[in-house]
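**Q** Can you make the complete structure from the sequences, with help from the hints?
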Amino acid sequence: MSKRLFVKGNEAAAMGALEAGCRYYFGYPITPQSDIPEYLSRELPGLGGEFIQAESEVASINMLLGASACGKRAMTSSSSPGISLKQEGISYMAGSELPGVIINISRSGPGLGGIDASQSDYFQSVKGGGHGGYHIPVLAPNSVQEMYDLTMHAFDLADLYRTPVMVLGDSVVGQMKEALVPNPRPQRELPEKDWAVRGKGGGEQRVVKSLFLGDGELEAHNWKLHAKYQVMKEKEVMYETYLADDAELLVTGFGSVSRIAQTAIAMAREEGLKVGLFRPITLFPFPEKALAEAGIRAGRVLVVELNCGQMVEDVRLAVNGKAEVGFYGRPPGAGSLPSPEELLDVIRKSCARI
Amino acid sequence: MRYDLMIAGFGGQGVLLAGNLLSYAAIEEGKNVSYFPAYGVEKRGGSATCTVVIADGAVGSPVVGNPSTLVVLNQASLERFGSKVRPGGICIYNSSLVDVSGLDRGDITLVPVPMNEIAMELGDSRMVNMVAVGAYLALVPAVGTASVAGALEQALPERNHRFIPANLKAIEAGGAAARQKKA
Amino acid sequence: MEQVFKRPVSLKDVQTHFCPGCHHGTIHRLVADAMDFHGVQQETIGVASVGCSVFLYGYFDIDVVEAPHGRASAVATGVKRARPDRFVFTYQGDGDLAAIGTAEIIHAANRGEDITVVFVNNTTYGMTGGQMAPTTLVGQKTSTSPYGRDRKKDGSPIKMAELLAQLGGVAYSARVAVDSPKNLIQAKKVMREAFGYQAQGKGFSFVEVLSACPTNWGMTPLKANARVGEEMIPYFQLGIFKQEGNE
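Chains as they are written, first to last, in this note's numbering: chain C, 133 to 486; chain G, 2 to 184; chain L, 81 to 327.
Treat the hints with care, as some may be off.
Derived DMTMM-like pairs (lysine to aspartate or glutamate); straight-line CA-CA distance at most 20 Å [claimed, not checked]:
#1 Lys481/C / Glu403/C
#2 Lys85/G / Glu474/C
#3 Lys325/C / Asp165/L
#4 Lys481/C / Glu456/C
#5 Lys135/C / Glu122/G
#6 Lys481/C / Glu420/C
#7 Lys332/C / Asp113/L
#8 Lys221/L / Glu242/L
#9 Lys360/C / Glu402/C
#10 Lys170/G / Glu122/G
#11 Lys269/L / Asp113/L
#12 Lys454/C / Asp378/C
#13 Lys92/L / Glu123/L
#14 Lys92/L / Asp116/L
#15 Lys135/C / Glu29/G
#16 Lys135/C / Glu30/G
#17 Lys332/C / Glu311/L
#18 Lys356/C / Glu368/C
#19 Lys365/C / Glu445/C
#20 Lys332/C / Asp116/L
#21 Lys421/C / Glu372/C
#22 Lys356/C / Glu324/C
#23 Lys92/L / Glu336/C
#24 Lys360/C / Asp326/C
#25 Lys341/C / Asp141/L
#26 Lys332/C / Asp141/L
#27 Lys269/L / Glu311/L
#28 Lys86/L / Asp116/L
#29 Lys367/C / Asp288/C
#30 Lys85/G / Glu425/C
#31 Lys282/L / Glu123/L
#32 Lys325/C / Glu123/L
#33 Lys85/G / Asp477/C
#34 Lys332/C / Glu123/L
#35 Lys406/C / Asp477/C
#36 Lys332/C / Glu324/L
#37 Lys135/C / Asp57/G
#38 Lys239/L / Glu311/L
Hints were generated in silico from the structure; no laboratory data involved.
**A** This is how it looks when you write it as structure tokens:
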């Protein structure tokens, strides 16, 4: 076993990227994720990699597009306003079927908003974000260890499905420090990148593009992408449960708020309340089947988010009227993180109404 | 066991280093720990806060609403967080700078430690945070003092390793003061 | 019998979609010639932009990445950093490079990325139907400047070759035209020189090519060709504005 380190979530994500073999980083400074470019600007030159602080988020996502088109593992990171700027490039990458990892240590909005923890980018992340009806896998770590592990996993998913992948965190998982075991990257069989541009070298011409003007070409391309999303839904769903089997109230939330909820649930259990947790780890593909099963079994679901209600819509779709769905949300604002004690109160009230 | 602690003061008092030090010690002991610095507007307002959770099992929430122990280094922090200490909890306060007469909390243990005076006596006012760490460990056995000594090397940048003996003295002095006040 | 004129091998043997009298075809040929001249076809990665030049991969027999509108120099930066051993060029129009992609071109140039940028200036947005471009001449009527470009409201036509020549990272910056045999011969020489800068690892090279757009100018091919010399060259003067190591 590797030695346990004590690092920030943002650093853990950067370390995970390096362990995954990422040697190209393009980004632009923005709080609260700047530890990621700072770390990589120190480490990449010594590893024979490239670090560019680009002129904008727009430029950095397009540099990522270029490096990825060459078949290299590459990434960018930013926070909400910067991620908005990257959406153009993400759409082009999805259309061009290019892998790549985008880390969003999201902050609050709309507009310039603030820098505290928020989950207001859920819709933007899981529903496509840019134009053109695509999806990208979205992974939601809730610990420093997962910032590392899921960033590594994101690179594998990106290569497996030839798609951009987003790691969605916030300032809680980005700024907090916890123990990290920097495990070696999992050995997964990945397809050869026989599509990457490389200079013909006597071989066939390769073209990376998202423009399809021929008769029926674009329709076929969209169906192909759609089929890929269906495979992801079958194979790549990740979630975690905690005391969910006998729960009469199933609390669900992703990322940082799931940690707060977990402690609130432990407190509720001490009071004899039958409460459990369902935490989606992949937000796309959303664990709709597993959540529906657990939610319907409990009969009542409480969705907790650091926003005014986004994932709750997907939860309602998943249970499809077969369980009661309640919502507790906290819009972003200084000091607005709910404490476990506050969530416990919400849980008590929810249970009282059963 | 699960220990949660909030340390609060103003920027420059070494609040974050104190939290880091305890966290490194917990790591050294093979425990789980989360260290969550207050982030955002507060940071620029000149105050510094961090929450540390040390547990044998899962840490759970890195965010704590009602800490079982609060260590306050300045008056503003007491006013902000004094009411939040869990009933039955402990509030260790820097009696050099903090006046608790306005705090109506008969349900918690208030422990005065004149951190600035102790640090000055040791010859370095910057040791206030170490005095606080010593006071905390004297009252709450979240980690062993020996692990803290080992953790100093990790928590301090290498150029400051020469101050480790002085830091240890401050931790000891803080502990002695807290034990005396509690007794 | 000796063959004295033939298609460059870097160019595919296909008909282009370009309008009659458009200079893109000629400029494509110059680019292909420069690749042939330096023998880099097999190791070249081209970056296509959005505009009439988007079909780069249909005409050049090389690997190509298609960039979002304006982002070709950023994409090329990523490509070159990932494959420093490869020859990388972008081919961009004036809307793409001098309007929506201004930040990207200036910073790629300023970083001195070891790439070559071919910039086609035809004073209009060709593919979208002849709207005003940042290079549209003062007084020129387009579909979005129906009363003519007004310097007070729309600014002056931007001179990219001169502008980029000011930047430290730029090794080579020139403007050429392909409207006459004399200019064409010079353009071919300049294109080869610009590609040579990259082939020798000397840094960022930039060639602006003045181009006719008969369709959107509402002119016959002959009149459009004549306009290049009569209206464009007096404002967009031809020349080499920077040539590092040769000053």
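**Q** Check each numbered hint against the structure and report the violated ones by number, ascending.
**A** 5, 6, 8, 9, 17, 27, 30 and 36
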